[in-house]
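**Student:** Residue numbers (my numbering), protein chains in the order written: chain A, 8 to 317; chain B, 630 to 805.
Simulated from the structure, these hints should not be mistaken for lab results. Just so we're clear, the structure is a prediction, and the values are computed from it rather than from any experiment. All residues carry an ideal CB built from backbone N, CA and C; glycine is no exception. No false leads were slipped in.
The calculated lysine-lysine pairs, modelled on DSS-like cross-linking and capped at a C-alpha distance of 27 Å, are:
id, chain 1, residue 1, chain 2, residue 2
1, A, 176, A, 190
2, B, 746, B, 727
3, B, 715, A, 109
4, A, 176, A, 90
5, A, 109, B, 718
6, B, 715, B, 727
7, A, 109, B, 747
8, B, 785, A, 90
9, A, 109, B, 763
10, B, 763, A, 90
11, B, 785, A, 103
12, A, 103, B, 746
13, A, 190, B, 672
14, A, 176, A, 193
15, B, 715, A, 190
16, B, 747, A, 190
17, B, 763, A, 86
18, A, 109, B, 746
19, B, 672, B, 718
20, B, 715, A, 193
21, B, 763, B, 726
22, B, 718, A, 190
23, B, 785, A, 86
24, B, 763, A, 103
25, B, 665, B, 715
26, A, 193, B, 718
27, A, 190, B, 746
28, B, 710, A, 190
29, B, 785, B, 763
30, A, 193, B, 747
31, B, 747, B, 726
32, B, 665, B, 726
33, B, 715, B, 746
34, A, 193, B, 746
Computed from the model, here is a short list of chain B residues facing chain A with C-beta under 10 Å:
id, residue
35, 754
36, 777
37, 782
Just so you have them, the derived chain B footprint on chain A, three or more residues with Cβ under 8 Å:
id, segment
38, 36-43
39, 52-59
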Amino acid sequence: MAPKLLSGKRQKEVENHGGDTDRISSLPDSLLCHILSFLPTKTSVATTSLVSRRWRHLWQHLQVFYFAHDSDESGQGSKMFEKFAFFVNAVLAFRKSRDIRKFELSCDIAWSNHRCDCADMWTRAAINPYLEELSLNIRDYTGEINLLLPRSLLNCTNLVSLSLVGQIKMNVGHFGVYFPSLKWLKLQAEIVDSEIVLLSGCPVLETLQHNFFVPVTWAEDPLPPSQRLKFTDGSFSWTFLEVDSFGKQTLGIIGNLQSMVDACIDFFPSQISESVDPILTRIQGSYNELDIQLRHLTSKVKLYYYGKLH
Amino acid sequence: MAEEVSSQMNSLSISETNPSSSATISLVSGDDIVFKVEPTIAKEMETVQSFIDETDGKITTIPLPNISSHDLPYVIEYCEKSIAGKITKEFEAEFVKKLNNEEVKELFLAANYLNIKKLLDFLSQVIADRIANKSVEYVRRYFGIENDFTPEEEAKLREELAWTFTGVDPDDEDEN
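Bound-form chain A, shown alone (with noise of 0.2 Å):
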């Protein structure tokens, strides 16, 4: 370590307590909560708990969770499960704070013996009015079922940042949407009822996320025959995009440019976006700051393709 001036009242401290790491020890629980919130919510509880009478009961007061469960092969996939539930369970219950920030749970829950239950008492143990960032990633591998996000959700509108990837759905399409601080959103396909419901109403978007396989979805909209719709908010507004490839369908999304600085679409499979790169193109000429990244995961159709196409 590289040697340190100190001042007088550093030095004495330094003597007093026979080095600066007490001064860590010094700082409010609300701060060292902070370094744990930064943690997978496992190690908060198992570890850190074990530090010191002090330290004992920090994660209670966390408003930050990180819940993860990887699926493994070795046949125990079940009893895992369950022990992570357990877990799950055990410090959502034992929390002393009532409000939770940021809440971001991946799971199979096709290991569950009551499938989606735990996963839904689980959001909606965190939606909150004070709910910034929600991150949802729910797998099944035998993809017969799917997380139905609460209606409860659309009342969150502190949330900043949404993340929903996996075997979810969200209606929104007859309730209407406002996420009025909404920045940052990764959708994968499918999960909405209405795109276009849930992304007008997300009027300070700056960053989206968007991978979508089958352009179905757009082409069963009705859409107006002018490529722009605009929504009543002046400075808001959504354009389509015609792919001649595709016949008359309309297919994709950039939308709110006026505000967003990010857009990362991910097609699939690469010849789609083989016919839509002039068109971001000709976007990105006209909106200079925007940064539309187009990116060809071909690797992932395996996985998530469907077979609607060809």
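The hints should help you fit chain B onto chain A, whose structure is shown.
**Tutor:** Just chain B, lined up with the frame of chain A:
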């Protein structure tokens, strides 16, 4: 007090001065080294900015007794990058590579004191990364925390956690 410090400014200043700007802010480290920064940098440091605001901008020399001249340049560097919108993963990786554990903790305290949210979050992440998947003993050493559990208590707690969270975390403990 302000005049006293500013009179030391010329002799002690080690950062580049901008002759055209009279509004430069002088940050005085705990060991009395003066760092001259642009007002935009000060804006990143909420503690400094609120000090300036409270005095209607009349006072431009800010003593920072809790921050050493060793740490302050790192803080300023980060703020400069932040203003320029150049906080990238690459920059952060390079930035943190230069820092040992003690320095990370010092900077964390500095970021907290100066109320720079981005830097505080970044350093929290760095600290979290450095203690993730480590043993309880390692975490204690890292933070310099004395174990105030009796051996019996600790054994009991470990047993309790093992029961409550079986299968969730035993591997980490065994590995380390």
